[in-house]
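K.L.:
Model the full assembly from the supplied sequences, consistent with the hints where possible.
There are 2 protein chains.
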Amino acid sequence: MCELLGMNANVPTDIVFSLSGLIQRGGNTGPHRDGWGITFYQGLGYRTFKDHQPCCHSPVARFIQGYPIKSEAIIAHIRQANRGNVSLVNTHPFTRELWGRHWTYAHNGQLKGYRNLKTGNYRPVGETDSERAFCWILHQLSIKYPKRPANWSTVFRFIASLADALREKGVFNMLLSDGKFMMAYCSTQLHWITRRSPFGKATLLDQDIEIDFQQHTHPDDVVSVIATQPLTHNETWNKIESGSYVLFHLGERIF
Amino acid sequence: MCELLGMNANVPTDIVFSLSGLIQRGGNTGPHRDGWGITFYQGLGYRTFKDHQPCCHSPVARFIQGYPIKSEAIIAHIRQANRGNVSLVNTHPFTRELWGRHWTYAHNGQLKGYRNLKTGNYRPVGETDSERAFCWILHQLSIKYPKRPANWSTVFRFIASLADALREKGVFNMLLSDGKFMMAYCSTQLHWITRRSPFGKATLLDQDIEIDFQQHTHPDDVVSVIATQPLTHNETWNKIESGSYVLFHLGERIF
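Heads up: the protein sequence lines correspond to chains S and G, in order. If you read the first sequence in the working numbering, its first letter stands for residue 532, the second for the next number, and so on. If you read the second sequence in the working numbering, its first letter stands for residue 532, the second for the next number, and so on.
Rather than coming from a laboratory, the hints here were simulated on the basis of the structure. Treat the numbers as computed from the prediction; the structure is a model and nothing was measured. One should not assume that every hint holds.
Identical chains blur together in the list; that is why a pair holds if it fits in one copy or across any two.
[Stated by the list, open to error] Below are the SDA-like pairs computed for lysine to any residue, each with C-alpha atoms no more than 25 Å apart in a straight line:
#: 1; residue 1: Lys643; residue 2: Arg784
#: 2; residue 1: Lys601; residue 2: Gln611
#: 3; residue 1: Lys770; residue 2: Arg632
#: 4; residue 1: Lys678; residue 2: Leu629
#: 5; residue 1: Lys678; residue 2: Val591
#: 6; residue 1: Lys732; residue 2: Thr685
#: 7; residue 1: Lys675; residue 2: Arg564
#: 8; residue 1: Lys601; residue 2: Gly615
#: 9; residue 1: Lys675; residue 2: Glu628
#: 10; residue 1: Lys711; residue 2: Gly774
#: 11; residue 1: Lys649; residue 2: Gln671
#: 12; residue 1: Lys649; residue 2: Leu575
#: 13; residue 1: Lys700; residue 2: Asn682
#: 14; residue 1: Lys675; residue 2: Gly644
#: 15; residue 1: Lys601; residue 2: Val617
#: 16; residue 1: Lys678; residue 2: Ile771
#: 17; residue 1: Lys643; residue 2: Gly631
#: 18; residue 1: Lys649; residue 2: Gly576
#: 19; residue 1: Lys700; residue 2: Leu736
#: 20; residue 1: Lys675; residue 2: His588
#: 21; residue 1: Lys711; residue 2: Leu648
P.N.:
Right, dumping it as structure tokens:
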């Protein structure tokens, strides 16, 4: 299994604090030694930092921790390989274009019978169940909506129905974003929290680090964080129910 | 205009020396202040480091110079914006999937009348002439070869014919790679060199750095480097003729 981390905010925000917790689980407090990756959106553009080394030893992870990139939408993933060997091509997140937007996806879980999933013009490059499931979702979306759709709540409901079908093949926890929306679909475990004024303090579960969000925010900031397991104590995280999804936009949960 | 840098090798090789020269042109010895990017292939996977800051001041560029990623195929680009504003979405290289492979592309030049180029399922996300031309090339390839082709020399000849058509719209110097092949198409300026045993010494033109390749290589290594302008003196670079292309595989020029 793997760990997921997502962020959606109404202003460009860095994720160094949450990432510090996650990185410990990449071979230190957790067993996820098989690579890691993180995608930052900045406007319509994105950049992904990836490494197939354990992130607790990754020079790229150390660099990212010391270089706070501010973004409105972030997806990170640390991997414990099941399907597909440990290599860069199999390292999440995956990004593909649909409707003239870059869509980024990361998956936690394991699927059976995934090789039959038809992917049309979205061909997988690596061997993972995860990438194939992503390509299948995009293919289904491109059939259902040949042009960029206008009603986004309907689109995400349709994506959730696709995720339901994948969940029948195994475990399918997913983060998906186009840089504006952030969708979190829960199959077994996924938690979220929204931080807003008045901001408090939080302490990481995985490392002895405390942050006072008030010192790093403006009163109007709204920042939601999604993670496989809660990253902090002294804060209340919401568990997403199995077979449900939550949707964020400008930092707020909108579904 | 921009500067291009490419590398193709028969063993995973780092590009720190050449990159050190290029980075100086990103706002220091050259005027290319509008962002930069570099893509490293490792097997079928790739990772791209990008920044819309001038690369001579970019923390990402400093990190990359201190972290020699070994790769068989590398494409780098430093940008002086003409079409499209300075933002991450408009920063080269661009990567898209075709035939189950990741294709990476960077362009130097400027095109007119590019908005009419049809791109089918490969929709541009940013506003540059460069990204649209790339999407058009991929769309044309997907029409001509709906399935992964077998005869690669024919494919690259077809890509060159597409590049010829783009050159009629302005200036079109291009690097293109799927991680195995590296194609360099010259419209106005592009140079290449192949280094092999017996390896010698070289000195950068843009910075007072000398390297003795013999200390960093094995006798069987073959490494080709492509750049807008030669990066070293005391070596002989080959100029690609206008309207021509060269093709590399495993470090060797094969066309």
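K.L.:
Against each hint, give a clear statement of whether it holds in the structure.
P.N.:
Taking the hints in turn, this is what the structure says about them:
no.: 1; hint: Lys643 / Arg784; result: neither (31 Å within a copy, 44 Å between copies)
no.: 2; hint: Lys601 / Gln611; result: between (27 Å within a copy, 24 Å between copies)
no.: 3; hint: Lys770 / Arg632; result: neither (29 Å within a copy, 38 Å between copies)
no.: 4; hint: Lys678 / Leu629; result: both (9 Å within a copy, 20 Å between copies)
no.: 5; hint: Lys678 / Val591; result: neither (37 Å within a copy, 36 Å between copies)
no.: 6; hint: Lys732 / Thr685; result: neither (37 Å within a copy, 62 Å between copies)
no.: 7; hint: Lys675 / Arg564; result: neither (38 Å within a copy, 42 Å between copies)
no.: 8; hint: Lys601 / Gly615; result: between (32 Å within a copy, 22 Å between copies)
no.: 9; hint: Lys675 / Glu628; result: both (16 Å within a copy, 21 Å between copies)
no.: 10; hint: Lys711 / Gly774; result: within (23 Å within a copy, 42 Å between copies)
no.: 11; hint: Lys649 / Gln671; result: both (9 Å within a copy, 23 Å between copies)
no.: 12; hint: Lys649 / Leu575; result: between (28 Å within a copy, 21 Å between copies)
no.: 13; hint: Lys700 / Asn682; result: neither (29 Å within a copy, 38 Å between copies)
no.: 14; hint: Lys675 / Gly644; result: within (23 Å within a copy, 32 Å between copies)
no.: 15; hint: Lys601 / Val617; result: between (29 Å within a copy, 17 Å between copies)
no.: 16; hint: Lys678 / Ile771; result: neither (31 Å within a copy, 41 Å between copies)
no.: 17; hint: Lys643 / Gly631; result: between (31 Å within a copy, 21 Å between copies)
no.: 18; hint: Lys649 / Gly576; result: between (28 Å within a copy, 22 Å between copies)
no.: 19; hint: Lys700 / Leu736; result: neither (32 Å within a copy, 58 Å between copies)
no.: 20; hint: Lys675 / His588; result: neither (43 Å within a copy, 45 Å between copies)
no.: 21; hint: Lys711 / Leu648; result: neither (27 Å within a copy, 28 Å between copies)
Hints 1, 3, 5, 6, 7, 13, 16, 19, 20 and 21 from the earlier list are contradicted by this structure; the remaining hints agree with it.
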